[in-house]
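Here is how the chains run, residue by residue.
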Amino acid sequence: MTDTQGHHHEGEHAHPQLGFLRKYVFSTDHKVIGIQYLVTAMAMAVIGGTLSLLMRLQLGWPHDAFPFLARLMPKAFDSTGHMDPGFYLSLVTMHGTIMVFFLFTAVLTGGFGNFLIPLQIGARDMAFPFLNALSYWVFLVSCIVIFSALMVQGGAPLGGWTAYAPLSALPDLDPHQGTGMTLWITAIALFTASGLMGGLNYITTILTMRTKGLSMMRLPLTQWSLLITAVLGLLAFPVLLAAAILLVFDRVGGTSFFIPGGIIMGGKLIEHTGGHPLLWQHLFWFFGHPEVYIVILPAMGIASDILSTFCRKPIFSYKMMVYAMAAISGLSFIVWGHHMFVSGMSPFLGSVFTITTLLIAVPSAVKTFNWLGTVWGARIQFTSAGLFSIGFVSLFVSGGLSGIFLGTSAADIQLQDTYFVVAHFHLVMAIAPLFAAYAGLYYWFPKMFGRFMNETIGKVHFWASFVGVYCVFFPMHILGIGGQMRRIYDPLNYLFLQPQQVLNVFVSISAFFLGAAQILFLGNFFISIWAGKRVTENNPWKATTLEWETPCPTGHGNFGPELPVVHRWAFDYSPPGTKEDFLPQTAPAVPAARQH
Amino acid sequence: MADGKGPGRITTSGLAFGALMAILIVVSLWLFIAKPWWFPTLSSIHGAEIDGVFTAVLIVTGIAFVVTQAMLGYFVARYGAAGNEKADYWHDNPKAEFLLLTGTALILVVLVFMGQRVWLKYYFSGLPENAITVQVTAQQFQWQFHYPGADGKFGRTDLTLVDSVNQIGLDEKDEASKDDIVVTGEMHVPVNKPVIVRLRSKDVIHSFFLPNQRVKQDAVPGLAVEVAFTPNVAGNFELACAELCGNNHYKMRGLVTIDASEEEFNNWLKMKLTERTGD
Numbered sequence: 001m002t003d004t005q006g007h008h009h010e011g012e013h014a015h016p017q018l019g020f021l022r023k024y025v026f027s028t029d030h031k032v033i034g035i036q037y038l039v040t041a042m043a044m045a046v047i048g049g050t051l052s053l054l055m056r057l058q059l060g061w062p063h064d065a066f067p068f069l070a071r072l073m074p075k076a077f078d079s080t081g082h083m084d085p086g087f088y089l090s091l092v093t094m095h096g097t098i099m100v101f102f103l104f105t106a107v108l109t110g111g112f113g114n115f116l117i118p119l120q121i122g123a124r125d126m127a128f129p130f131l132n133a134l135s136y137w138v139f140l141v142s143c144i145v146i147f148s149a150l151m152v153q154g155g156a157p158l159g160g161w162t163a164y165a166p167l168s169a170l171p172d173l174d175p176h177q178g179t180g181m182t183l184w185i186t187a188i189a190l191f192t193a194s195g196l197m198g199g200l201n202y203i204t205t206i207l208t209m210r211t212k213g214l215s216m217m218r219l220p221l222t223q224w225s226l227l228i229t230a231v232l233g234l235l236a237f238p239v240l241l242a243a244a245i246l247l248v249f250d251r252v253g254g255t256s257f258f259i260p261g262g263i264i265m266g267g268k269l270i271e272h273t274g275g276h277p278l279l280w281q282h283l284f285w286f287f288g289h290p291e292v293y294i295v296i297l298p299a300m301g302i303a304s305d306i307l308s309t310f311c312r313k314p315i316f317s318y319k320m321m322v323y324a325m326a327a328i329s330g331l332s333f334i335v336w337g338h339h340m341f342v343s344g345m346s347p348f349l350g351s352v353f354t355i356t357t358l359l360i361a362v363p364s365a366v367k368t369f370n371w372l373g374t375v376w377g378a379r380i381q382f383t384s385a386g387l388f389s390i391g392f393v394s395l396f397v398s399g400g401l402s403g404i405f406l407g408t409s410a411a412d413i414q415l416q417d418t419y420f421v422v423a424h425f426h427l428v429m430a431i432a433p434l435f436a437a438y439a440g441l442y443y444w445f446p447k448m449f450g451r452f453m454n455e456t457i458g459k460v461h462f463w464a465s466f467v468g469v470y471c472v473f474f475p476m477h478i479l480g481i482g483g484q485m486r487r488i489y490d491p492l493n494y495l496f497l498q499p500q501q502v503l504n505v506f507v508s509i510s511a512f513f514l515g516a517a518q519i520l521f522l523g524n525f526f527i528s529i530w531a532g533k534r535v536t537e538n539n540p541w542k543a544t545t546l547e548w549e550t551p552c553p554t555g556h557g558n559f560g561p562e563l564p565v566v567h568r569w570a571f572d573y574s575p576p577g578t579k580e581d582f583l584p585q586t587a588p589a590v591p592a593a594r595q596h
Numbered sequence: 001m002a003d004g005k006g007p008g009r010i011t012t013s014g015l016a017f018g019a020l021m022a023i024l025i026v027v028s029l030w031l032f033i034a035k036p037w038w039f040p041t042l043s044s045i046h047g048a049e050i051d052g053v054f055t056a057v058l059i060v061t062g063i064a065f066v067v068t069q070a071m072l073g074y075f076v077a078r079y080g081a082a083g084n085e086k087a088d089y090w091h092d093n094p095k096a097e098f099l100l101l102t103g104t105a106l107i108l109v110v111l112v113f114m115g116q117r118v119w120l121k122y123y124f125s126g127l128p129e130n131a132i133t134v135q136v137t138a139q140q141f142q143w144q145f146h147y148p149g150a151d152g153k154f155g156r157t158d159l160t161l162v163d164s165v166n167q168i169g170l171d172e173k174d175e176a177s178k179d180d181i182v183v184t185g186e187m188h189v190p191v192n193k194p195v196i197v198r199l200r201s202k203d204v205i206h207s208f209f210l211p212n213q214r215v216k217q218d219a220v221p222g223l224a225v226e227v228a229f230t231p232n233v234a235g236n237f238e239l240a241c242a243e244l245c246g247n248n249h250y251k252m253r254g255l256v257t258i259d260a261s262e263e264e265f266n267n268w269l270k271m272k273l274t275e276r277t278g279d
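Residue numbers (the working numbering), protein chains in the order written: chain A, 1 to 596; chain B, 1 to 279.
Next up, chain A with everything else stripped away, as it sits in the complex (with noise of 0.2 Å):
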């Protein structure tokens, strides 16, 4: 089978050449579209981290004063240093708003969406080069809205990601909610504008030009879980987008989608009357719960596709895997109510959403145990993107399990806004993903720059992220479960919670080794671009599907002039009776053993 790993087509360009502003900068290529996505994205991301790293800073030590950073940010420390109140909420608000949108949903579907569809399915791009160039640009615009939100006047809005009417919907109650609520929106509605541009553009690429044999039910897990979150976003985007336009109706037009009547601000009677601020949690969470499968399910795809490498072994039931997946994205739309347990919703809605949501366990149960089954039985290679990807599904495990006691509302009634939620929702859609995009960009890395990554650096970066994030993020399960609310500047103001102060300490000072294990990546990464290793092979991870049937880095136009055929899954990996422990895709001869 060694020649179709070989496969080498050097005049491969059917298009022609570019100058360096199309080909680098305004380029259609999604390879290019991809890397820049993934590039603005890491850049979110360090602004995101930081500012969470800020909040750790008071957090662990609510009193002390900070005049180093005082001296750096007059304006969000008073005069002893202390920090502003305001000024921690709106790190609360840009963190969130950052990590969900900015870095998640932008790497996971944007970056890794753009740069493995077509190399994935055999095409020569994607099916609206265009549009696609266009939904970068638009995204890139979104960051720019939302990083210059922390720089206006009255600073970034204090009311967190979820952004509660009536809070977010009255400019005038306090000077955050001005014009930082106001570009806040505004950058929202533009990354739903972006988001709606890929997500028509994947569904059409998948289902469209797919490559010769290469069959639904042949697709590697990456490409179904894009497919899957590409329809979730077109469901659930337009709602966000929607409910963000009635908000600035709200905010500047004098509507009252989600203002009462009988609000009292600055000490008078305000004119709006007759909104209902549960009509902005129920639109917003139609859209957020879906968007919390976003985000997971490209994770699940890649870091099923990547252990499955790794682990020399195919996939154990690809095609629970596929169903799994399919299950959870239709079940996203009916277990919004879950965020609301306590939020004056009838409670018989909540019964309703305690089965729902209850539900979405059995897949995700579905979806553990075959990962496990994976990698029974494998002979596992160590490599950084295989212990990322290892380290997904230990990360999953435990933040999904703490999903079982907020999804039961009875349980909800005392955890709900406080740390445990923080410890569940972070572990299972931000650390979890986070691990899997790692795995991504480790195992990627040679396909986009034709080098590898530093491995030594990045088995490093693994073992001390993996343990760093057990250290912040499961000692919150335990100060959530002594009652510290979320969003909270400062816990000793609560007798109740200054025993458990130690345990923030902690929490405070691991994610401070855990955001300094991060510089080892983004150093890696930068330098690698340049200065890696480079690659001699098509396919130096001896993996199975179409992209590694081009040159690394893979040029404009991604194959040769023929397009690769497909003759088997996407998972041959130790199949009885080969020399190489593993088929490609492409490979034409029917093992005697088993096809599929």
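Source of the hints: derived by calculation from the structure; they are not laboratory data. Just so it is clear, CB atoms sit at the ideal spot from N, CA and C, and this is done for glycine as well. Each hint should be verified, as a subset may be incorrect.
[Said to hold, decoys possible] A short, non-exhaustive set of chain B residues, derived as facing chain A with CB atoms under 7 Å:
id, residue
1, 8
2, 71
3, 72
4, 100
5, 112
6, 159
7, 165
8, 166
9, 205
10, 214
11, 248
Mind docking chain B on chain A? Use the hints.
Using the frame of chain A, we list chain B on its own:
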């Protein structure tokens, strides 16, 4: 060496990962069984049931957690690459999948029933009769507690009457308001007597969180939501705002005293009434 068969290799990386999983399991068991930090002391009747649901979920998820992380740790430690040995080539087991699916679904059905029994009882058993009703009004960044006084009737409130002194807009002309008591930041209720909290907000969303009584309910402007509980341990407790409500959200703390007897509670009411009428 094609189709190399062998036991796989125990690698340093695999062992390190397995060891970390072992540490994770041991530390978790210590945190959740020895409970060096845990829920705030319990002080309400329904709270015991909420804690019971938590414990039931904890046992189920705890077992799942330990088993999965241990399996992952063991497999990763056990099945490292060894030369050109091949991995096992199996990728399906419909029977095992079916068992797992049904098993998980069954366990979840049990959890749903256990949880819903407590949830439905809490919300749908009707408001207690002989209860003390307190109207709680949340605003940035404090709590107002309104008691009906001896006549058991709340005076009329009107938001147009709100000013810096009359924070809830109590209509002093209304006969029923004469003996009403409005206190800021401090709530008293007697032990072992049901309490109904009628919750409102004057500005943004707040959340009425009594950590010791296992009560949490958002105060939503435009809505009056009622929530009931029966405190069963006397003492001084705290009330926190659990929903982000603005820059001084963290300061929105209240004091809750569960009086040891109804007499003590009535004395406190009397004292507050004298403070008001004495003004």
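Evaluation of the provided hints:
Satisfaction of the interface hint for residue 8 of chain B is found here, the shortest Cβ-Cβ separation to chain A being roughly 6 Å, below the 7 Å cut-off. Interface restraint check: residue 71 of chain B against chain A, minimum CB-CB distance 5 Å, threshold 7 Å, status holds. The criterion of a C-beta within 7 Å of any C-beta in chain A is met by residue 72 of chain B, whose closest approach is roughly 6 Å, and the hint holds. For the restraint placing residue 100 of chain B at the interface with chain A, the shortest Cβ-Cβ distance is roughly 5 Å, inside the 7 Å limit, so the hint holds.
Because the closest C-beta pair between residue 112 of chain B and chain A is about 6 Å apart, less than 7 Å, the hint holds. Proximity of residue 159 of chain B to chain A holds as hinted, the smallest CB-CB distance being about 5 Å (cut-off 7 Å). Because the smallest distance between the Cβ of residue 165 of chain B and any Cβ of chain A comes to about 11 Å, over 7 Å, the interface hint for this residue is violated. For residue 166 of chain B, the shortest C-beta to C-beta distance to chain A is roughly 11 Å, which exceeds 7 Å, and the interface hint is violated.
The restraint placing residue 205 of chain B at the interface with chain A holds, with a minimum CB-CB distance near 6 Å, inside the 7 Å limit. Of the supplied interface hints, the one on residue 214 of chain B holds, with its beta-carbon coming within about 5 Å of a beta-carbon of chain A, less than 7 Å. With a cut of 7 Å, the hint placing residue 248 of chain B at the interface with chain A holds, because the nearest CB-to-CB distance is about 6 Å.
Going down the numbered hints, you'll see the structure goes against 7 and 8, while the others check out.
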